[in-house]
Amino acid sequence: MKPALQNRHRIQPLLLAQSMRVRIIFSKTGPLIYIGNLDLQTMWERAARRAGLPLAYSQGFHPQPRIHFAAPLPLGFSSRCEVLDARLNEALDCGGLAPRLNAVLPDGIRVLGAEKIEDTAPALQTQVLSADYEIALQGGFEAGDLKQRIDDLLSAAALPRERRNRRYDLRPLIECLRLSKPTSETAGRIQMTLKAQEGATGRPDEVLEALGIPREVARIERTALTFRRLDVESNRIITG
Amino acid sequence: MLSPQEIELALERILLQVQKPGRYVGGELNIVTKPWEQTGFRTALVFPDIYDIGISNVGLKILYDQINQRRDALAERAYAPWTDMEALMRGHGIPLYTLESKRPLADFDLVAFSLPYETLYTNTLNVLDMARIPIRSTERDETHPIVIAGGHAATNPEPMHAYVDAFVIGEGEEVIHEIIDVLLGQKARADDSARRYRSREQALRTLARLRGVYVPKYYAVRYLEDGTIQQVESLIEGIANPVVKRIVAELPPPPTKFIVPNIETVHDRVSVEIMRGCTRGCRFCQAGMITRPVRERELDEIVQAAEEAVNATGFEELALLSLSSSDFGHIVELTNRVSERFRGRKLTISLPSLRIESVSADLMDKLREHYSGGFTLAPEAATERMRRIINKYISDEDILSTSREIYRRGWTTLKLYFMIGHPSETLEDVRAIAHLCKRVIEEGRRVAGWKVKLHAGVGTFVPKPQTPFQWVAVDRRESIVAKQALLKRELRDPNIKLSWTDPDDTLLEAWLSRGDRRMAEVIFSAWSRGAKFDAWNDERKAGVWAAAFADQGLEPAFYTHRQRRTDEVFPWDHITAAIRKNFLFQDFRQSLEGQIRVDCRLNCFACGILPTFSDLRRAHPGEGWKCPEVKSPSRVQPPSRTEVELPVAGY
Numbered sequence: 001m002k003p004a005l006q007n008r009h010r011i012q013p014l015l016l017a018q019s020m021r022v023r024i025i026f027s028k029t030g031p032l033i034y035i036g037n038l039d040l041q042t043m044w045e046r047a048a049r050r051a052g053l054p055l056a057y058s059q060g061f062h063p064q065p066r067i068h069f070a071a072p073l074p075l076g077f078s079s080r081c082e083v084l085d086a087r088l089n090e091a092l093d094c095g096g097l098a099p100r101l102n103a104v105l106p107d108g109i110r111v112l113g114a115e116k117i118e119d120t121a122p123a124l125q126t127q128v129l130s131a132d133y134e135i136a137l138q139g140g141f142e143a144g145d146l147k148q149r150i151d152d153l154l155s156a157a158a159l160p161r162e163r164r165n166r167r168y169d170l171r172p173l174i175e176c177l178r179l180s181k182p183t184s185e186t187a188g189r190i191q192m193t194l195k196a197q198e199g200a201t202g203r204p205d206e207v208l209e210a211l212g213i214p215r216e217v218a219r220i221e222r223t224a225l226t227f228r229r230l231d232v233e234s235n236r237i238i239t240g
Numbered sequence: 001m002l003s004p005q006e007i008e009l010a011l012e013r014i015l016l017q018v019q020k021p022g023r024y025v026g027g028e029l030n031i032v033t034k035p036w037e038q039t040g041f042r043t044a045l046v047f048p049d050i051y052d053i054g055i056s057n058v059g060l061k062i063l064y065d066q067i068n069q070r071r072d073a074l075a076e077r078a079y080a081p082w083t084d085m086e087a088l089m090r091g092h093g094i095p096l097y098t099l100e101s102k103r104p105l106a107d108f109d110l111v112a113f114s115l116p117y118e119t120l121y122t123n124t125l126n127v128l129d130m131a132r133i134p135i136r137s138t139e140r141d142e143t144h145p146i147v148i149a150g151g152h153a154a155t156n157p158e159p160m161h162a163y164v165d166a167f168v169i170g171e172g173e174e175v176i177h178e179i180i181d182v183l184l185g186q187k188a189r190a191d192d193s194a195r196r197y198r199s200r201e202q203a204l205r206t207l208a209r210l211r212g213v214y215v216p217k218y219y220a221v222r223y224l225e226d227g228t229i230q231q232v233e234s235l236i237e238g239i240a241n242p243v244v245k246r247i248v249a250e251l252p253p254p255p256t257k258f259i260v261p262n263i264e265t266v267h268d269r270v271s272v273e274i275m276r277g278c279t280r281g282c283r284f285c286q287a288g289m290i291t292r293p294v295r296e297r298e299l300d301e302i303v304q305a306a307e308e309a310v311n312a313t314g315f316e317e318l319a320l321l322s323l324s325s326s327d328f329g330h331i332v333e334l335t336n337r338v339s340e341r342f343r344g345r346k347l348t349i350s351l352p353s354l355r356i357e358s359v360s361a362d363l364m365d366k367l368r369e370h371y372s373g374g375f376t377l378a379p380e381a382a383t384e385r386m387r388r389i390i391n392k393y394i395s396d397e398d399i400l401s402t403s404r405e406i407y408r409r410g411w412t413t414l415k416l417y418f419m420i421g422h423p424s425e426t427l428e429d430v431r432a433i434a435h436l437c438k439r440v441i442e443e444g445r446r447v448a449g450w451k452v453k454l455h456a457g458v459g460t461f462v463p464k465p466q467t468p469f470q471w472v473a474v475d476r477r478e479s480i481v482a483k484q485a486l487l488k489r490e491l492r493d494p495n496i497k498l499s500w501t502d503p504d505d506t507l508l509e510a511w512l513s514r515g516d517r518r519m520a521e522v523i524f525s526a527w528s529r530g531a532k533f534d535a536w537n538d539e540r541k542a543g544v545w546a547a548a549f550a551d552q553g554l555e556p557a558f559y560t561h562r563q564r565r566t567d568e569v570f571p572w573d574h575i576t577a578a579i580r581k582n583f584l585f586q587d588f589r590q591s592l593e594g595q596i597r598v599d600c601r602l603n604c605f606a607c608g609i610l611p612t613f614s615d616l617r618r619a620h621p622g623e624g625w626k627c628p629e630v631k632s633p634s635r636v637q638p639p640s641r642t643e644v645e646l647p648v649a650g651y
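Top line first, the protein sequences correspond to chains A and B. Everything in the first sequence is counted per my numbering, starting at 1 for the first residue and increasing by one. Everything in the second sequence is counted per my numbering, starting at 1 for the first residue and increasing by one.
Certain hints may be false.
[To be verified] Under the rule of at most 27 Å between Cα atoms (straight-line distance), these lysine-lysine pairs were calculated in the DSSO-like manner:
#: 1; chain 1: B; residue 1: K34; chain 2: B; residue 2: K257
#: 2; chain 1: B; residue 1: K488; chain 2: B; residue 2: K415
#: 3; chain 1: A; residue 1: K28; chain 2: B; residue 2: K257
#: 4; chain 1: A; residue 1: K28; chain 2: B; residue 2: K488
#: 5; chain 1: B; residue 1: K451; chain 2: B; residue 2: K415
#: 6; chain 1: B; residue 1: K217; chain 2: B; residue 2: K488
#: 7; chain 1: B; residue 1: K346; chain 2: A; residue 2: K116
#: 8; chain 1: B; residue 1: K438; chain 2: B; residue 2: K451
#: 9; chain 1: B; residue 1: K217; chain 2: B; residue 2: K257
[Stated by the list, open to error] Residues of chain A placed beyond 12 Å of chain B at every Cβ, according to the derived structure:
#: 10; residue: G30
#: 11; residue: L84
#: 12; residue: A114
#: 13; residue: D152
#: 14; residue: A156
#: 15; residue: A157
#: 16; residue: L179
Simulated from the structure, these hints should not be mistaken for laboratory data. Quick reminder that beta carbons are idealized off the backbone N, C-alpha and C, glycines included.
Can you make the complete structure from the sequences, with help from the hints?
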């Protein structure tokens with residue numbers, strides 16, 4: 001694969017020089033947590049148009065913008081570490097990208113960082129290993145009781161569950177689960193790290209359910225995504 | 001009432017249980033949020049249909065802009081929650097709130113409804129109920145917001161007279177400011193926590209004196225024994241009777257900072273209104289009658305607005321709106337300039353409402369090159385006799401050759417709109433629709449092969465207030481069903497898709513648009529029995545409305561299937577779109593004789609617009625208005641009292 005690419009580079013240096021792969025790290029908060037992934041894609045497409053960024057599109061009858069998200073965020077979760085790769089038809093300085101986009105994004109989406117990515121870097125979504133979540137509980141939970149529930153869950157050999165008519169074991173998807181100190185405003189905070197790979201992705205709301213905590217009393221935020229160690233510099237993106 | 005913070009907390013607990021929670025959270029790009037405490041006057045603009053439809057409404061967007069440009073006023077938005085959300089909101093005690101600040105509607109000084117179609121009436125009651133504002137105008141006091149409404153349905157406001165304090169008749173851009181000025185002056189002192197207005201009565205009286213504002217409580221209706229109207233009297237001094245619609249002499253700059261929804265909606269696009277009004281004079285078309293005179297925008301203004309709107313929103317589609325786009329004076333130049341401006345920018349440009357006879361080959365080439373979307377033409381009728389009656393005279397040859405040229409240029413699907421139930425229509429006229437569709441697709445196959453498709457949309461005519469057909473009865477249910485069955489039988493070609501309107505929907509639209517004040521109680525009964533979202537399919541709908549009429553002891557056919565006397569006073573006669581009843585009647589008689597009236601850009605038929613707005617016209621001479629110069633308007637005969645034989649549709 002690599003020799004072929006380099007070959008193409010030599011033959012058509014202009015083509016590649018004119019295009020660019022860019023990685024954007026952004027947060028998703030407020031009303032925007034209720035916007036699903038498909039709508040989020042459209043949102044970015046329009047934001048790029050407003051910012052005058054030349055997004056590249058796929059070939060074919062229904063050209064799609066070449067935007068790829070690292071790991072789709074379920075509806076209702078906020079996040080301070082969403083990552084996407086986009087291809088632009090023009091090489092430009094990434095330094096000015098964040099303010100340029102932030103000027104045209106709705107409140108609730110903020111670009112935290114943008115960097116150029118090698119064309120040869122593997123597809124973003126294949127590189128995610130796990131995701132960290134922080135859950136703030138609204139009232140009615142006693143720390144000792146919560147700790148007990150967590151310990152019970154972690155000591156189970158298997159946690160058979162069913163989601164969308166598919167049976168699976170939740171236990172091996174949990175890498176880390178612990179109680180953090182409650183602050184004054186919330187009854188308790190839970191932190192967890194869950195696997196986030198193709199075919200093996202843990203959902204924090206499933207963990208909450210297994211803990212016997214109703215979804216409505218929990219605010220869930222994704223705080224970090226961990227990537228496979230790449231040849232490129234950043235392998236772990238933690239923000240905020 | 002709950003505070004915005006309490007509402008947000010309560011929402012958090014229910015939003016993940018509803019479809020598309022993005023409808024209910026706001027946070028869109030280009031919304032305006034102003035400091036609540038420091039802004040003297042607060043308006044909630046309500047589109048009483050779901051967010052997905054309401055968000056792209058241009059009328060409401062214009063008002064949102066107009067109000068938010070004022071220092072002393074703010075405008076926020078609300079839409080009708082879908083049934084899943086409504087159930088949860090009611091269950092959790094959440095009142096209807098605005099998307100910008102999450103404040104209950106009842107906290108606002110003014111609640112303004114947009115009513116573009118009549119099937120939103122039950123939703124309007126439901127919205128008031130969800131907002132915990134008393135539904136009936138008479139039950140509101142100084143603590144409540146003033147409730148106003150406007151839009152095309154206000155052409156006959158009477159069915160909603162009991163629920164809306166004041167109606168805006170005609171165009172709202174100027175009068176909304178006058179309304180806010182009046183109400184600002186009537187507000188109670190800020191330290192008077194018990195009252196919002198010093199006197200509701202005084203506020204409404206002052207509103208009633210504004211031109212183009214109709215406050216129903218100051219008008220009394222007297223009925224004749226047969227249930228028709230004897231007369232409508234004004235109850236206080238200094239109010240107009242009839243109430244004449246408002247217009248703006250010149251279209252104000254179009255809004256460009258459109259709100260960009262975060263979820264997929266029905267019309268994801270920016271719209272620039274290129275022209276208001278229509279000069280064609282189709283006799284069935286209410287919009288064409290009530291939006292006169294025709295006013296065109298300058299090319300430069302349109303192109304600049306389109307550019308600003310696309311840049312401010314990033315939308316992938318731009319619609320150039322009007323009632324009849326191809327009649328716009330410089331349409332080819334406009335499409336040229338817009339194409340040039342957006343070359344290479346992945347933008348779909350759509351030009352809805354094209355007239356068959358004014359779509360030139362040149363324009364089609366332009367459209368092919370840079371515009372996408374389907375191609376829709378509206379012949380409305382398929383026989384020469386019928387076309388003369390409705391005053392939309394387009395020959396079969398024109399329709400066939402235009403269709404051929406469209407297919408030839410690579411559009412594979414053509415949409416044709418027809419209407420059944422026109423006055424004096426027979427089954428032969430309906431059969432001709434099927435016949436014409438077959439000839440059109442054959443033309444297509446000749447030039448483009450077997451891949452071509454045709455979509456025939458066949459609506460059912462509703463004789464609307466303030467049109468030449470307001471004297472006509474609605475086609476009978478069994479007749480509509482027979483005509484639709486005929487079309488289904490005739491159009492069995494797999495490449496022709498036929499769609500039609502449910503007869504129950506047509507009848508409902510007719511009752512609501514032609515009703516008098518007594519319809520208000522029918523609407524209330526229907527709503528109490530669960531009617532809402534009447535524009536949506538619901539199998540229970542017909543039964544609910546039949547029961548509602550029975551509750552009130554009213555006969556539905558009185559509104560829809562009765563022959564009208566030529567001298568009948570209509571429930572809407574004290575409201576006028578500045579089109580004289582005599583003019584409408586003369587046009588109606590010409591229809592009976594099969595006489596065509598040409599485009600009134602070419603020949604003035606003295607509809608009444610120019611004398612009514614002569615001051616405005618004098619102050620704004622020139623090309624903006626498309627009314628031709630008139631020396632002496634022809635005298636029109638008043639309706640004769642002798643019985644003219646009235647056609648009943650379908651017989």
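Hint check:
A hinted pair counts as satisfied when its Cα atoms are at most 27 Å apart, and K34 (chain B) with K257 (chain B) qualifies at roughly 16 Å. Between K488 (chain B) and K415 (chain B), the direct Cα distance comes to roughly 17 Å. Compliance with the 27 Å bound is thereby established for this hinted pair. Restraint check: the Cα-Cα separation between K28 (chain A) and K257 (chain B) comes to about 23 Å, which is no more than 27 Å; the hinted pair holds. This hinted pair does not check out: K28 (chain A) and K488 (chain B) have alpha carbons roughly 51 Å apart, beyond 27 Å.
Among the hinted pairs, K451 (chain B) with K415 (chain B) is consistent with the structure: their alpha-carbon atoms are about 15 Å apart, no more than 27 Å. Under the criterion of a C-alpha separation no larger than 27 Å, the hint pairing K217 (chain B) with K488 (chain B) is inconsistent with the structure, at around 48 Å. Pair hint K346 (chain B) plus K116 (chain A) holds up; C-alpha atoms about 25 Å apart against a cutoff of 27 Å. Our distance criterion of 27 Å between C-alpha atoms is met by K438 (chain B) and K451 (chain B), whose separation comes to about 14 Å.
For the suggested pair K217 (chain B) and K257 (chain B), the alpha carbons sit about 38 Å apart, so the restraint of at most 27 Å is broken. Not every CB of chain B lies more than 12 Å from the CB of G30 (chain A), the least distance being 6 Å, so the non-interface label is violated. Distance check on L84 (chain A): its Cβ is at least 16 Å (rounded) from any Cβ of chain B, clearing the 12 Å threshold; non-interface status holds. For A114 (chain A), the shortest C-beta to C-beta distance to chain B comes to about 18 Å, beyond the 12 Å cut-off, and the non-interface label holds.
The beta carbon of D152 (chain A) is kept farther than 12 Å from every beta carbon of chain B, the shortest such distance being approximately 26 Å. With a least CB separation of 27 Å from chain B, A156 (chain A) remains clear of the 12 Å interface cut-off, as annotated. For A157 (chain A), the shortest C-beta to C-beta distance to chain B comes to about 31 Å, beyond the 12 Å cut-off, and the non-interface label holds. Annotated as non-interface, L179 (chain A) keeps its C-beta farther than 12 Å from every C-beta of chain B; the closest such distance is 22 Å.
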